[in-house]
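Residue numbers (my numbering), protein chains in the order written: chain A, 1 to 110; chain B, 1001 to 1119.
Watch out, some of these pointers could steer you wrong.
[Claimed, not checked] Derived lysine-lysine pairs resembling DSS-like cross-links, with alpha carbons at most 30 Å apart:
#1 K1076/B / K44/A
#2 K47/A / K68/A
#3 K106/A / K44/A
#4 K1013/B / K1065/B
#5 K1065/B / K47/A
#6 K68/A / K1043/B
#7 K1076/B / K47/A
#8 K1013/B / K44/A
#9 K1013/B / K1043/B
#10 K44/A / K1043/B
#11 K1076/B / K106/A
#12 K47/A / K1043/B
#13 K106/A / K1043/B
#14 K1076/B / K1065/B
#15 K68/A / K44/A
#16 K1065/B / K1043/B
#17 K106/A / K47/A
#18 K106/A / K68/A
[As the list claims (entries may be wrong)] Which chain B residues stay away from chain A? Per the calculated CB distances, all over 12 Å, these:
#19 G1008
#20 V1012
#21 Q1039
#22 S1049
#23 S1053
#24 A1061
#25 G1066
#26 S1118
[Unchecked claim] Not everything, but these chain A residues come out facing chain B in the computed CB check (under 10 Å):
#27 Y34
#28 E85
#29 S91
If you're looking for bench data, these hints aren't it; they were derived computationally from the structure. Note that beta-carbon positions come from the ideal geometry of N, C-alpha and C, so glycine has one too.
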Amino acid sequence: QSALTQPASVSGSPGQSITISCTGTSSDVIHYNYVSWYQQHPSKAPKLLIHDVSERPSGVSNRFSGSKSGNTASLTISGLQAEDEAHYYCSSRTSNSAWVFGGGTKLTVL
Amino acid sequence: EVQLVESGGGLVKPGGSLRLSCAASGFTFSTYNMYWVRQAPGKGLEWVSSISSGSDYIFYADSVKGRFTISRDNAKNSLYLQMNSLRAEDTALYYCTRGIHNYWYFDLWGRGTLVTVSS
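Taking the hints into account, I'd like the entire structure generated from these sequences.
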């Protein structure tokens, strides 16, 4: 399956905004608007943050937002809080009905 | 309460078999697509397999194709993963996840069950 590329780590101070990118390595992955984002705290199950590029499930803070440009999707977290420190993964359905995840990005709140 | 609870993990020798189960509760299991996603220790997430609500469509990652079999029993609100010919690289925490029909994301996750393949 294709892979999605994320930065290994990002950091920011409380109150700042950060953006995590997710780049598709083949055109069929990011072409579809099926990108989703997940937050995972240590020793916890992942939690859905964003689906279909920019849709936020009910109960997820509006500080989390998603977007896509070309073959790169992005997750932006505004007003950083200590509780946002976690790993973040992007994912996408592919054209052959498989799913791929990015390698994950560790967010450190300074 | 809406939840997914995995079971069946454990220590198995290379070449061995294991059957994972996932018990769903609090929602109409038969209307959702279901998935297995795994996470090797200290590593990222990896999609393993998918099954549609009526078991009509089944897909596998290349890494497990021919060795793993996904199935479900809607009468028992349960999802399964039969894992054969296990390898050391199959060692991971296996999550059961849910997806809404015709939507392509995982909206509910279980806590996972650990599979360790080692001699």
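For this session: Check the non-interface label on S1053/B: least C-beta distance to chain A beyond 12 Å or not.
Result: Correct as stated: the minimum Cβ-Cβ distance to chain A is 15 Å, above 12 Å.
For this session: Quickly compare the C-alpha distance for K1076/B and K106/A to 30 Å and report which way the hint goes.
Result: Cα-Cα ~38 Å, so violated.
Problem set entry | Check on V1012/B being off the interface with chain A, judged by Cβ distance over 12 Å | The claim stands: V1012/B keeps its Cβ more than 12 Å from every Cβ of chain A (closest is about 23 Å).
Exercise. Would the pair K106/A and K1043/B pass a check requiring their Cα atoms to be no farther apart than 30 Å?
Worked result: holds, 12 Å
For this session: Measure nothing beyond the straight line between the CA atoms of K47/A and K1043/B; if it is 30 Å or shorter, mark the hint as holding.
Result: holds, 17 Å
For this session: Assess, step by step, whether the Cα of K1076/B is no farther than 30 Å from the Cα of K47/A, and give holds or violated.
Result: holds, 25 Å
For this session: Classify the label on G1008/B as holds or violated, using whether its beta-carbon is more than 12 Å from each beta-carbon of chain A.
Result: holds, 17 Å
For this session: Would you mind confirming whether the straight-line C-alpha gap from K1065/B to K1043/B stays at or under 30 Å?
Result: holds, 21 Å
Exercise. Would the pair K44/A and K1043/B pass a check requiring their Cα atoms to be no farther apart than 30 Å?
Worked result: Within the cut-off at roughly 14 Å; holds.
Exercise. Given the proposed pairing of K1013/B with K1043/B, does the C-alpha separation stay at or below 30 Å?
Worked result: Within the cut-off at roughly 21 Å; holds.
Exercise. Far enough from chain A: is every CB of that chain over 12 Å from the CB of Q1039/B?
Worked result: Per Cβ check, Q1039/B is inside 12 Å of chain A; nearest 9 Å; violated.
For this session: Run the C-beta distances from S1118/B to all of chain A and say if the shortest one exceeds 12 Å.
Result: holds, 21 Å
Checked against the numbered hints listed earlier, the structure breaks hints 11, 21, 22, 24, 28; every other hint is satisfied.
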